[in-house]
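Same order as they appear, the protein sequences are chains A and B.
The numbering of the first sequence is my numbering, which starts it at 1 and goes up by one.
The numbering of the second sequence is my numbering, which starts it at 1 and goes up by one.
Derived by calculation from the structure, the hints in this document are not laboratory data.
Among these hints, one or two may not hold up.
[As the list claims (entries may be wrong)] Taking lysine to any residue pairs in the SDA-like style, the calculated list, with each CA pair at most 25 Å apart, reads:
1. B:K203 to A:G329
2. A:K20 to B:K203
3. A:K326 to B:K237
4. B:K395 to A:L213
Every value quoted in this text rests on a predicted model; they were computed, and no experiment measured them.
Listed here are the chains, written in short residue letters.
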Amino acid sequence: MSQFIISGSPHVHGEENVKKIMYTVVLALIPAILVSIYFFGIDAVRVLLIAVISCLFFEWVIQKYLIKGPVTITDGSAVVTGLLLAFNVPSNLPWWILVIGALVTIGIGKMSFGGLGKNPFNPALVGRVFMLISFPVQMTSWPVAKPLFAESITDAITGPTALGLLKEGLDAGKTVDQILADPSMPDYLDRLTGNMGGSLGEMSAIALILGGLYMVWRKVIDWQVPFSIILTVFIFAGIFHLIDPTYYVVPSFHLFTGGLMLGAIYMATDMVSSPMNISGKWIYGIGIGLITIIIRMWGAYPEGVSFAILIMNAFVPLINNSFKPKRFGMVANKK
Amino acid sequence: MIALKTFKKGGVHPEENKLSADASIQKLSFPKQAIVPLGQNLGAPSKPLVKRGDEVKTGQLIAKGESFISANLHAPFTGKVLKIDDAIDSSGYRRPAIFIDVQEDEQWEEGIDTSETIVREIKADKQTIIDQIKNCGVVGLGGATFPTHVKLTIPEGKKADYLIINGVECEPYLTSDHRLMLEKGEEMLIGIKILMKALEVEKAIIGIENNKPDAINHLNELTKQYVGISIQPLKVKYPQGGEKQLIKAIVNREVPSGKLPIEVGCVVSNVGTAVAVYDAVQKNKPLIERVVTVTGKAVKKPSNFLVRVGTPIQLLIDAAEGLPENTGKIINGGPMMGKAITSLDVPVVKGSSGILLMKRDESQRNSPQTCIRCSKCTMVCPMGLEPYLLAKLAKLSLYERAENEKIMDCIECGSCQFTCPSYLPLLDFLRLGKNKVGQLIRSRK
């Protein structure tokens with residue numbers, strides 16, 4: 001009939017698309033990737049490659065042979081998931097554990113719910129927690145960071161993380177001051193730059209914050225989630241520190257150790273599994289902060305960010321239903 | 001310099017592409033045959049007063065607005081009524097229209113002042129103004145085409161504090177209001193004065209986005225002679241031309257959900273409407289012509305034309321040096337809210353602000369992907385709605401829930417769909433939902 005295309009408005013589209021968003025996240029992860037390679041060398045490269053390739057492979061296999069639908073591995077989401085999975089494991093993790101972890105991440109965490117956009121839980125964390133519970137020894141033997149150009153002292157040293165040291169010390173009845181004075185405990189600068197034992201990507205707070213700022217600027221994440229998590233951890237840990245400084249460590253210790261920065265900036269902000277509205281994002285962030293500190297202070301594990309995020313992921317549908325955006329024209333007008 | 005204001009909630013910033021901003025308004029030649037649709041205003045279509053074979057003069061009343069929300073229609077040309085028949089309009093439907101065979105030498109209806117002299121003194125009193133606006137068939141020229149005389153009739157117990165004039169033109173590409181402010185500034189200000197008199201308000205504020213500094217400066221200069229009229233420069237943000245957003249931006253009042261601006265003491269009118277009011281009251285000249293932008297990235301000569309209602313858009317496109325070969329879509333209006341039209345025979349009506357020709361490669365939508373729950377649609381919605389949720393509810397026919405989630409507050413600005421990284425047709429589903437919920441609400445009465 002008509003030679004012209006007919007469609008409803010709007011007739012123009014902004015520049016944003018899914019692929020762009022995903023590769024923006026990848027770009028934001030580059031500083032942290034470089035830091036991990038600096039500290040862990042070829043091991044970091046190995047873990048990153050295995051995780052990313054396995055995630056892409058499992059997504060491809062499942063989409064092509066199980067679902068028999070369109071294959072969308074080029075959208076970048078599996079790359080992001082793979083990188084984040086690698087960030088959450090120690091650099092000396094045996095390759096086969098990582099591959100199983102990737103299968104759980106993509107297979108159970110993502111594809112079993114219907115793929116991108118449908119998963120209620122952060123897939124990389126599903127994989128991580130699966131590995132943590134199934135392979136607790138391998139998942140918690142942390143190689144000590146060994147900067148690339150520093151003289152190598154000994155090979156294959158493993159040791160606990162700063163949070164692990166804290167927990168062990170407290171359990172042994174030491175005071176916080178004694179634990180912090182211990183020479184194996186990384187000092188302030190080390191904690192900030194990542195010169196300590198830990199998962200691949202949780203090392204350098206500075207690199208993670210840098211990437212986070214870039215994502216906020218590109219509007220890929222909202223600042224509310226990371227900010228509310230960090231603020232809650234700081235306040236909550238601070239209150240207890242004020243009550244008993246011999247048992248509860250200074251709040252800044254919590255901010256720059258373990259997976260807090262990684263979790264707050266990259267894991268909790270996962271679009272798919274976080275709330276849709278600003279007020280909801282605050283509630284979600286505060287919840288993650290509280291649960292993290294509760295687990296770290298009184299839980300069995302020294303680290304609690306992953307569990308905190310997964311628990312709050314489960315509340316997201318409820319949060320979305322209960323905390324609505326402020327509608328226009330709903331305020332009583334004073335005339 | 002006054003601080004820039006804007007509305008707070010949501011909004012997007014599409015590429016402005018004001019290609020025709022420097023093209024001064026040109027009078028367009030007359031067509032051989034004009035098609036004057038009867039339903040050019042919001043509300044009931046006008047009732048024809050002429051029949052086949054009748055001779056009409058320019059400006060003669062040819063159809064009357066009979067119900068409360070309706071408007072008069074006048075002959076835009078001198079000539080003979082060929083027939084009253086259905087014709088495709090910009091909605092794509094065939095609707096009744098008066099066909100006029102246009103005669104070359106023009107004869108105006110008596111009593112109409114067609115000179116260019118500016119009449120500054122406002123003699124008419126409040127009621128005369130409203131009657132004259134009604135007689136001359138003035139409707140809102142911003143696009144909604146709500147009959148102006150109805151807007152000026154303030155309901156019992158309400159009072160207007162401000163007249164807000166919309167010179168925002170937040171739609172990309174369009175420049176007709178911009179040119180009008182530059183070239184008919186004085187007429188517009190007199191029109192605003194007339195509207196102020198009719199509404200009995202002391203203050204009128206013209207909102208202009210600061211991507212039009214020439215218009216802001218020009219009008220700032222002119223308003224020195226006009227007590228009570230001021231200019232408010234606004235930050236560029238879409239959809240600032242939305243009535244509710246504009247009120248929020250300028251006087252920081254929020255029109256309650258489901259209510260009209262008068263609820264917060266405001267009346268909003270477009271700059272084009274103000275000029276039409278001037279013509280009606282000072283010149284006794286009915287609304288038969290308007291400024292229409294013809295634009296697009298492939299258009300050879302993006303232009304602004306003064307066009308008589310009823311002129312087929314083919315003529316406008318010819319005057320802009322022809323339809324580009326790779327045209328894929330023709331839009332009546334701007335790219336954010338305009339309607340894609342099916343044929344070049346569609347006539348210009350009172351509500352046409354522009355004709356946008358889009359190249360074939362920019363006309364196609366990208367195929368929708370899955371929602372990644374990024375919440376961008378919620379963040380940009382100027383009404384504080386959740387487009388992803390409303391679209392899903394509409395898709396699932398859960399209309400009552402959609403109503404509770406305030407689907408009827410949607411102003412169809414398209415910001416959600418514009419911003420969606422998954423190319424989801426959110427607004428398509430929102431329109432469907434609004435339609436169904438509207439039926440639901442009406443069926444309860």
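Cross-check of the supplied hints:
The straight-line distance between the Cα atoms of K203 of chain B and G329 of chain A is roughly 23 Å, inside the 25 Å bound, and the hint therefore holds. In summary, the hint linking K20 of chain A to K203 of chain B is not supported, as the alpha carbons are separated by about 48 Å, beyond the 25 Å threshold. Taking the CA atoms of K326 of chain A and K237 of chain B, the gap is about 20 Å. The hint holds against a cut of 25 Å. Simply put, K395 of chain B and L213 of chain A have alpha-carbon atoms about 37 Å apart, too far for the 25 Å limit, and the pair is violated.
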